[in-house]
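Okay, here's what each chain looks like letter by letter:
2 protein chains.
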Amino acid sequence: MLVNPHGQGNLMPLLVSEDTRAEELRRAESFVKVLLSTRELSDLLMLAMGAYTPLEGFMGEEDWRGCCSDMTTADGIFWPIPITLSTSEEISSSIKIGDEVALVNDSLKIFGTLKVEQKYNIDKNYECLHIFRTADAAHPGVAKILEQGEINLSGPVKVFDEDHYPETYKGLYYKPNQTRALFEENGWSTVAAFQTRNPMHRSHEYLAKIAVELCDGLLIHQVLGALKPGDIPADVRVESINSLVKNYFVQGTVVQAGYPIEMRYGGPREALLHAVFRQNFGCSHLVVGRDHAGAGKYYGPFDAHKIFDEIPSGSLETKAIKIDITFYCYKCHGMATGRTCPHGEEDRLNVSGTRLREMLANNEVVPTEFSRPEVLEVLRKYYYNVDN
Amino acid sequence: MLVNPHGQGNLMPLLVSEDTRAEELRRAESFVKVLLSTRELSDLLMLAMGAYTPLEGFMGEEDWRGCCSDMTTADGIFWPIPITLSTSEEISSSIKIGDEVALVNDSLKIFGTLKVEQKYNIDKNYECLHIFRTADAAHPGVAKILEQGEINLSGPVKVFDEDHYPETYKGLYYKPNQTRALFEENGWSTVAAFQTRNPMHRSHEYLAKIAVELCDGLLIHQVLGALKPGDIPADVRVESINSLVKNYFVQGTVVQAGYPIEMRYGGPREALLHAVFRQNFGCSHLVVGRDHAGAGKYYGPFDAHKIFDEIPSGSLETKAIKIDITFYCYKCHGMATGRTCPHGEEDRLNVSGTRLREMLANNEVVPTEFSRPEVLEVLRKYYYNVDN
Numbered sequence: 001m002l003v004n005p006h007g008q009g010n011l012m013p014l015l016v017s018e019d020t021r022a023e024e025l026r027r028a029e030s031f032v033k034v035l036l037s038t039r040e041l042s043d044l045l046m047l048a049m050g051a052y053t054p055l056e057g058f059m060g061e062e063d064w065r066g067c068c069s070d071m072t073t074a075d076g077i078f079w080p081i082p083i084t085l086s087t088s089e090e091i092s093s094s095i096k097i098g099d100e101v102a103l104v105n106d107s108l109k110i111f112g113t114l115k116v117e118q119k120y121n122i123d124k125n126y127e128c129l130h131i132f133r134t135a136d137a138a139h140p141g142v143a144k145i146l147e148q149g150e151i152n153l154s155g156p157v158k159v160f161d162e163d164h165y166p167e168t169y170k171g172l173y174y175k176p177n178q179t180r181a182l183f184e185e186n187g188w189s190t191v192a193a194f195q196t197r198n199p200m201h202r203s204h205e206y207l208a209k210i211a212v213e214l215c216d217g218l219l220i221h222q223v224l225g226a227l228k229p230g231d232i233p234a235d236v237r238v239e240s241i242n243s244l245v246k247n248y249f250v251q252g253t254v255v256q257a258g259y260p261i262e263m264r265y266g267g268p269r270e271a272l273l274h275a276v277f278r279q280n281f282g283c284s285h286l287v288v289g290r291d292h293a294g295a296g297k298y299y300g301p302f303d304a305h306k307i308f309d310e311i312p313s314g315s316l317e318t319k320a321i322k323i324d325i326t327f328y329c330y331k332c333h334g335m336a337t338g339r340t341c342p343h344g345e346e347d348r349l350n351v352s353g354t355r356l357r358e359m360l361a362n363n364e365v366v367p368t369e370f371s372r373p374e375v376l377e378v379l380r381k382y383y384y385n386v387d388n
Numbered sequence: 001m002l003v004n005p006h007g008q009g010n011l012m013p014l015l016v017s018e019d020t021r022a023e024e025l026r027r028a029e030s031f032v033k034v035l036l037s038t039r040e041l042s043d044l045l046m047l048a049m050g051a052y053t054p055l056e057g058f059m060g061e062e063d064w065r066g067c068c069s070d071m072t073t074a075d076g077i078f079w080p081i082p083i084t085l086s087t088s089e090e091i092s093s094s095i096k097i098g099d100e101v102a103l104v105n106d107s108l109k110i111f112g113t114l115k116v117e118q119k120y121n122i123d124k125n126y127e128c129l130h131i132f133r134t135a136d137a138a139h140p141g142v143a144k145i146l147e148q149g150e151i152n153l154s155g156p157v158k159v160f161d162e163d164h165y166p167e168t169y170k171g172l173y174y175k176p177n178q179t180r181a182l183f184e185e186n187g188w189s190t191v192a193a194f195q196t197r198n199p200m201h202r203s204h205e206y207l208a209k210i211a212v213e214l215c216d217g218l219l220i221h222q223v224l225g226a227l228k229p230g231d232i233p234a235d236v237r238v239e240s241i242n243s244l245v246k247n248y249f250v251q252g253t254v255v256q257a258g259y260p261i262e263m264r265y266g267g268p269r270e271a272l273l274h275a276v277f278r279q280n281f282g283c284s285h286l287v288v289g290r291d292h293a294g295a296g297k298y299y300g301p302f303d304a305h306k307i308f309d310e311i312p313s314g315s316l317e318t319k320a321i322k323i324d325i326t327f328y329c330y331k332c333h334g335m336a337t338g339r340t341c342p343h344g345e346e347d348r349l350n351v352s353g354t355r356l357r358e359m360l361a362n363n364e365v366v367p368t369e370f371s372r373p374e375v376l377e378v379l380r381k382y383y384y385n386v387d388n
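Those sequence lines, one after another, are chains F and H.
According to our numbering, the first sequence is numbered sequentially starting from 1.
According to our numbering, the second sequence is numbered sequentially starting from 1.
I should point out that these hints are in silico values taken from the structure, not numbers from a laboratory.
Incorrect hints may have been included.
Since copy identity is lost for identical chains, a pair holds within one copy or between any two.
[As the list claims (entries may be wrong)] With a cut-off of at most 30 Å between alpha-carbon atoms, the simulated DSBU-like pairs for lysine-lysine come out as follows: (1) Lys319 / Lys115; (2) Lys306 / Lys124; (3) Lys246 / Lys331; (4) Lys306 / Lys246; (5) Lys331 / Lys381; (6) Lys381 / Lys144.
Quick caveat, the model's predicted, so the values are computed rather than measured.
The following block holds chain F by itself, in its conformation from the complex (with noise of 0.2 Å):
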């Protein structure tokens, strides 16, 4: 039996079935226009999929206020990082409670509806500290919330349009209820979900494989939101991961999935929110690297270890793996971690993405003991056709 969803109940994807999109789409094209950042979209998009089960939509003020003080909604639902919406006074002042607007992008397009319940003004520099741990603008999540509107509006949505995910990452993009039925097709009961946006090297392959011991299957779960310049694109890094699992793992032991999520870099708080959706993905484990979605130096680098510490027993199901940085130690003779390697900085194999890139472009030796042949053989074509 997979874990529960969060909050008890079912699933609860706000996608809508798609025999009434259209009918949604066109009334929803005389309503006002709310303009989504970057990060408000994929939290639509993870509300349609059923991943931030049980949220109807985006949260009120008392919701907001309780997220961030005490990780908890108003309902007593765990909820770590609070999932907003927010426009302009302007725009704001163009809208009643009880009205539905259109939630858009920055092309106006569409993607769904809010019915609003709620206008309220919050306190950024308090969202700040108790979710980011700092109110400094040069952390890219605090950056975020700065920037946006300085009104947030509230209310359950209906997602008609799930952008270009399903088509792009077709055999990838699983929703919760896609990704719970291959579990139960394999027999799976503990799952462990380990979070990459980047090709596995043999250090992740090494942190993959400790999940392996640990449960009865592995779901390599990609990030698929926006790119930064420099970032190999997700089928790239699917055909690598791939070839990995083909030479590398044991048959029945993997499930390849993504996810629209961007990246808030949030740390502890962040890890939570991981394992808060990993649990409706019905994953059992959640792998929680040093410094899980760090930024700089804002974070220790055991925090969002500890976090999963200090929460009360039976916020959620899903349970922190927590592992420290991995690497090929030459005196081990073998991968090792910062908890079971006791040689030097000096005797650990360090390639920086950079020095990876250099070496793959210019058909320099990648040591095996940094990444598979097969792995690398990928990536080499693909800066191949990048680089000339």
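Here the structure of chain F is known, so what remains is to put chain H in place on it, guided by the hints.
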């Protein structure tokens, strides 16, 4: 906070205080003598140190039957293997209920006393089929039951001699209250027990390091019961394990200790017993490998894993860390397990104990993928002295 002693109360070592031992021994000299088998003596020593908390002595008929059929004593305590004392009909007939008897080894040395509450016949076949899943006399645990006397004696025991153990294994023979104190000094809450009766090669190190990832600390817990011919003596094992820990584990993550049990080779039921008394030693986890405590082909390779999921929840605080066989795989270029390595037998390094001894005795090179040079050095020295 460490796990609670089994049965929710305090540790109950049955070793009487030092100042009363001489007097107890003097009294016991006039009692009827009951000969302990090596298994019964090892159980008496486990009772003495508190490892069998909350048992107060050897089990009566109702406890015996409940442990066989439902792994539960008459008081509702989870206990997977009956802890009993047997004697001959002849000796039994010279004992009345309420008598005290002296418990002696085959040199007639007195270890303690039993106040006889019950004398009862058991159905040996019934016990063997429930505990060992077989009544085949070729099974070493079954053989011991078949050899034992026809009458079981039950009642509370007092122990006043711990045999040679505290002396022979100074700095290793830690009782449950001592391991708990060591764990607390280290600031540990979760501790994984790794049971061994052999030196640790890389496959054992790998198992142990998976446990180190999951727990605050690791207890390398040696079986100190009687040796079979060809076994490596405990001091050599300890020295080789020390050299492994010193060179390949992070300081402050490992404690070594030993305990006086005699293996029953009861597979799944014995794995549960190992977990029960590890809880008393303060261990939250027990590493359970492939065919843990198995013998011949009596148990499936994962029976000892499965049984942890079959017992009622709440039976035990100590959980199993279930790991398949571990080995070096030349295609993985690293340590792996049956669950994480997709390659074939032909890619895996396998060195039998016999072959290792041969290699060491002949000064052949042992692959470092099999064992650490520092460990091999200790063993080489030992075999050199034994074989020359």
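Results for each hint:
Within a single copy, Lys319 and Lys115 get their C-alpha atoms no closer than 35 Å, and across copies no closer than 48 Å, so neither meets the 30 Å cut-off. Taking the shortest alpha-carbon separations for Lys306 and Lys124, only the intra-copy value of 26 Å comes in at or below 30 Å, while the best inter-copy value is 51 Å. For the homomeric pair Lys246 and Lys331, the shortest alpha-carbon distances inside one copy (29 Å) and between copies (13 Å) are both at most 30 Å. In this assembly of identical chains, the alpha carbons of Lys306 and Lys246 lie at most 30 Å apart only when taken from different copies (28 Å versus 34 Å within one copy).
Taking the closest pair of Cα atoms, Lys331 and Lys381 come within 30 Å of each other only across two copies (23 Å); inside a single copy the shortest separation is 32 Å, beyond that limit. Taking the closest pair of Cα atoms, Lys381 and Lys144 never come within 30 Å of each other, the shortest separation being 36 Å inside a single copy and 65 Å across copies.
The earlier numbered hints that this structure contradicts are 1, 6.
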